[in-house]
Amino acid sequence: MIRYIARRIMNMIPLLVGVSLVSFLVVQLSPGDFLAEIRLNPVVDAATVDRMRENLGLDKPLYIQYVKWLASILRLDFGYSFAYQVPVWWLINSRLLNTLLLSIVSLVIAWLIAIPIGIHAATRQYSWSDNTLSFVSYIGISTPTFFSGLLLLYVAFVTGWFPIGGMTSLEFDDMSTVGKVLDVARHLVIPASVLAFLTVAGLMRQMRANLLEVLRQDYVKTARAKGLAERVVINRHAVRNAINPLITIFGFELGGLLGGAAILESVVGWPGLGQLILDSVLRKDLYVVMGSLMLGTVTLVVGNLVADVLLAASDPRIRYD
Amino acid sequence: MATQDITGRIGRVAARVERVRARTPMQLAWRQLRRHRVALIGGGILIALFAMALFAEFLAPYSLDFTDREKFFHPPTAPRVVDEQGRWQRPFVYGSELVELGLTRYAIIPTQKYPIRFFTAGEPYRFLWLLPTNVHLIGVDAPGRLFLFGSDQYGRDQLSRILFGGRVSLLVGILAVSITIPIGMVYGGIAGYFGGRVDNIMMRMAEVIIAFPGFYLLLTLSAVLPSNVGCTTRFYMIVLILSFIGWAGFSRLIRGFVLSLKQREYVLAAKAMGLDDLRIILRHLLPNTASLVIVVATLAIPGAILGESGLSFLGLGVREPCASWGNLLSAGTNLVNLSRYPWLLIPGGFIILAVIAYNFLGDGLRDAFDPRLRTG
Chain A
1291 MIRYIARRIM
1301 NMIPLLVGVS
1311 LVSFLVVQLS
1321 PGDFLAEIRL
1331 NPVVDAATVD
1341 RMRENLGLDK
1351 PLYIQYVKWL
1361 ASILRLDFGY
1371 SFAYQVPVWW
1381 LINSRLLNTL
1391 LLSIVSLVIA
1401 WLIAIPIGIH
1411 AATRQYSWSD
1421 NTLSFVSYIG
1431 ISTPTFFSGL
1441 LLLYVAFVTG
1451 WFPIGGMTSL
1461 EFDDMSTVGK
1471 VLDVARHLVI
1481 PASVLAFLTV
1491 AGLMRQMRAN
1501 LLEVLRQDYV
1511 KTARAKGLAE
1521 RVVINRHAVR
1531 NAINPLITIF
1541 GFELGGLLGG
1551 AAILESVVGW
1561 PGLGQLILDS
1571 VLRKDLYVVM
1581 GSLMLGTVTL
1591 VVGNLVADVL
1601 LAASDPRIRY
1611 D
Chain B
-3 MATQDITGRI
7 GRVAARVERV
17 RARTPMQLAW
27 RQLRRHRVAL
37 IGGGILIALF
47 AMALFAEFLA
57 PYSLDFTDRE
67 KFFHPPTAPR
77 VVDEQGRWQR
87 PFVYGSELVE
97 LGLTRYAIIP
107 TQKYPIRFFT
117 AGEPYRFLWL
127 LPTNVHLIGV
137 DAPGRLFLFG
147 SDQYGRDQLS
157 RILFGGRVSL
167 LVGILAVSIT
177 IPIGMVYGGI
187 AGYFGGRVDN
197 IMMRMAEVII
207 AFPGFYLLLT
217 LSAVLPSNVG
227 CTTRFYMIVL
237 ILSFIGWAGF
247 SRLIRGFVLS
257 LKQREYVLAA
267 KAMGLDDLRI
277 ILRHLLPNTA
287 SLVIVVATLA
297 IPGAILGESG
307 LSFLGLGVRE
317 PCASWGNLLS
327 AGTNLVNLSR
337 YPWLLIPGGF
347 IILAVIAYNF
357 LGDGLRDAFD
367 PRLRTG
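The listed protein sequences derive, respectively, from chains A and B.
Under the numbering used here, the first residue of the first sequence carries the number 1291, and numbering increases by one thereafter.
Under the numbering used here, the first residue of the second sequence carries the number -3, and numbering increases by one thereafter.
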C-alpha cells in the first residue's frame, strides 16, 4: 500500500507541472497586464513602472518568468497580489478557513441526511415516498447553486428568519465568543443548505442505486433465508457493502472542498476562496488567480488519491500492488 | 412447381421472421426508451423548449430590445376575465401608471382596459429568419403592455427576453457537446487502441485538464476573452471554452471503453485482414461506442448549460444586450432588486427545467442502452 501511495505521489509531479504550465499560459494569454492600469495613473511616472516591471520580472522572457514562478511556488511563495499589495498566500490563507467551514459543515449535514434517505428509498423502491424523493433529487442535481442561493436569500428577506448575505453581522466585534459562534452559524444556514441540498441529491441517488444493487446479491438472499430480521439484513449485510463505493465520492468531495462553492460564495457574499478567485479574475490579479487555481487543483488531486486509498483500505477485495 | 412454391413460401416466411427478429441495437434502445415515462417527459419538455426558442419572434409579445422606459421593473400583468363590476369579459389587462417612483410601485388604471389579442400585429420580424411578417401569437394594443413575467430595469418584457435567451442557453449545450464529442472520441480512441506509451502520454495530458476544478478553470479562461467583441463572437468563445474543459473527461471515458473493445474478435479479424489502424479506429471501434456516446453526451449537455449560465450570471459569459437565462437572472444579484422585484427569479426556473429535462432523458437513454448501468 505504501508503495502504491508513493507511486501515485510520483505520478502527481508531472501532472502538477502540467497544471502549473496550463495555468501560467492561460493567465499570460489574458489581454493587458496589470501594469497597464498603473501606467494610466498620472501620479506614477514611467520610470517607476519600468522599475516595477523589472522587480516583478515581467521584462524577462516567458519561460524564465514561469521557472521563477514555479520555483517560488515550491517554497509556498505564491507571489504578490497586485490589487491588495499583500502576499498571495496571506490572501488565500485569510479566505481558506471560511471556505473550509462552509464546505465541511454542508458536507457533514449532507452525508447525515443522504445515507438514511437513500436507504429508505431503496428499501421501499417505487413507493410514493421513493418516487417523491427521486423527483426532489432530480430537482436538486438540476438546480444551479446561484439560483437556489438567490431563492433562499429572497425567502430570508421576506420572512426575516436569517441574515441576508455575508458571514458576520455588523456588530460582530462586540459580541461574546458564544454570540460570535451563533452569529456565524446563523449566516451559515443559507449557503450551507444550498450546498447540502445539491450534495444530498447526488449522494442519495447513488446510495439508493448501490443498495438496490446489493439487495439483489445472493448473500442477501442467504441472510434472509437464515431467518434474520429484515432490519439486520439491511443494516448489517446490505448497507455496509452499499456504502463502500461512496468512499470514492467522499474523496471527490474532499477534493472539491475548495472549489465547489465558487459562485454561491459570491451570491451570498461569503468571504471565501471562490469569491477571492472571482474578484481576482475580474481585476486581472494574475498571481492570486494562479495561486488559487493551483491550490484548488492540488486539493482535487490529493482528494482523488485519498479516495483510492480509503477504498483500498475499506475493501479487502481491492489490491493495488 | 409445387416444391418451388413451397420453398418460395418458406423463404418469404423466413424473411418475415428475420424482419421481426433482426433489430439493430438502436431500434431495441428506442423500444426501451418509449416505455420509459420519465425519459419521454424529459424529451417532451426539451421539444417544447426548443420550439419556444426557435419560434421566439412569433411567440414573444415583444422583441428582444423592446423597451418602455416608463414601465421599468413592472410587476407581471395578470390577464383578467372579470372586470371591476364583476362582469365576465374576454381576457384583458389593465393599464397602469407609476405612482411611487422610489419603490417603483405601479397602480392599475381601471378605466384603461386592453383586450389580449391573438395573432395580432406587432413589431415586424422575419419568421424563421426568412418570411417578413408582423404577426405575434399574443399581444395587447399599443399604450397597454402585456408583461406576463414582468419587466426589467429598462422596461423590457421578461417573457420575451426569456424566449430569446433560450436560444443562447439551449444552443450552448448542444454546440459545446458537438465539439467535445468528435475530439474526445478520436483522442480517446487513439489512446485506447494503441495503448502502451502512446496511451500513457496522451492520458497524462488529458489528466492535466481533468485535474483542474472545473469552475475555477472556466472563470480563468473566460477572463482571457477579449471584452470588446460582439455578443455572437463571445457566445462562440464561451462554447469553445466549455468544449476545451469538457473534451478531456470525455476522451478518458472513450479510451476506457475502446480498451475493452479492442480485445473483441471483430477487431482482431480486421487487423488480420490488414486494415490500417486509423480505419480500424474510425470504422470499427468508434461506431461501437455510439450508445455510450449518446448517453454521456445527453448527460453532458446540462453541465455545459449550467456552466454558461453560471458564467453569464457572473457577468463573464454572454453580455448585455444579448440575453441568456443566466444573464437575465443576474439582475437579481442586487439584493434590493431581488427583494422588491421577485419576478426577476423566473429565468432560473427555465434553467432548472432545461437541465432537469436533459437529466430525465439522459437517464432514460442510459437505461435503454444498457440496463446494467441502471440507477433505478
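Read the hints as simulated data drawn from the structure, not as lab findings.
Keep in mind it's a predicted model, so treat the numbers as computed, not measured.
It is possible that part of the hints are untrue.
Now the in silico label distances, taken between C-beta atoms and shown as ranges [to be verified]:
no.: 1; chain 1: A; residue 1: 1535; chain 2: B; residue 2: 236; range: 30 to 36 Å
no.: 2; chain 1: B; residue 1: 335; chain 2: A; residue 2: 1535; range: 41 to 47 Å
no.: 3; chain 1: B; residue 1: 33; chain 2: A; residue 2: 1461; range: 51 to 57 Å
no.: 4; chain 1: A; residue 1: 1426; chain 2: B; residue 2: 77; range: 53 to 59 Å
no.: 5; chain 1: B; residue 1: 229; chain 2: A; residue 2: 1339; range: 29 to 35 Å
no.: 6; chain 1: B; residue 1: 33; chain 2: A; residue 2: 1459; range: 45 to 51 Å
Just so you know, even glycine gets a beta-carbon here, dropped at the ideal spot from N, CA and C.
Verification of the hints:
no.	hint	verdict
1	A:1535 <-> B:236: 30 to 36 Å	holds (35 Å)
2	B:335 <-> A:1535: 41 to 47 Å	holds (43 Å)
3	B:33 <-> A:1461: 51 to 57 Å	holds (54 Å)
4	A:1426 <-> B:77: 53 to 59 Å	violated (35 Å)
5	B:229 <-> A:1339: 29 to 35 Å	holds (32 Å)
6	B:33 <-> A:1459: 45 to 51 Å	holds (49 Å)
Checked against the numbered hints above, the structure breaks only hint 4 and satisfies the rest.
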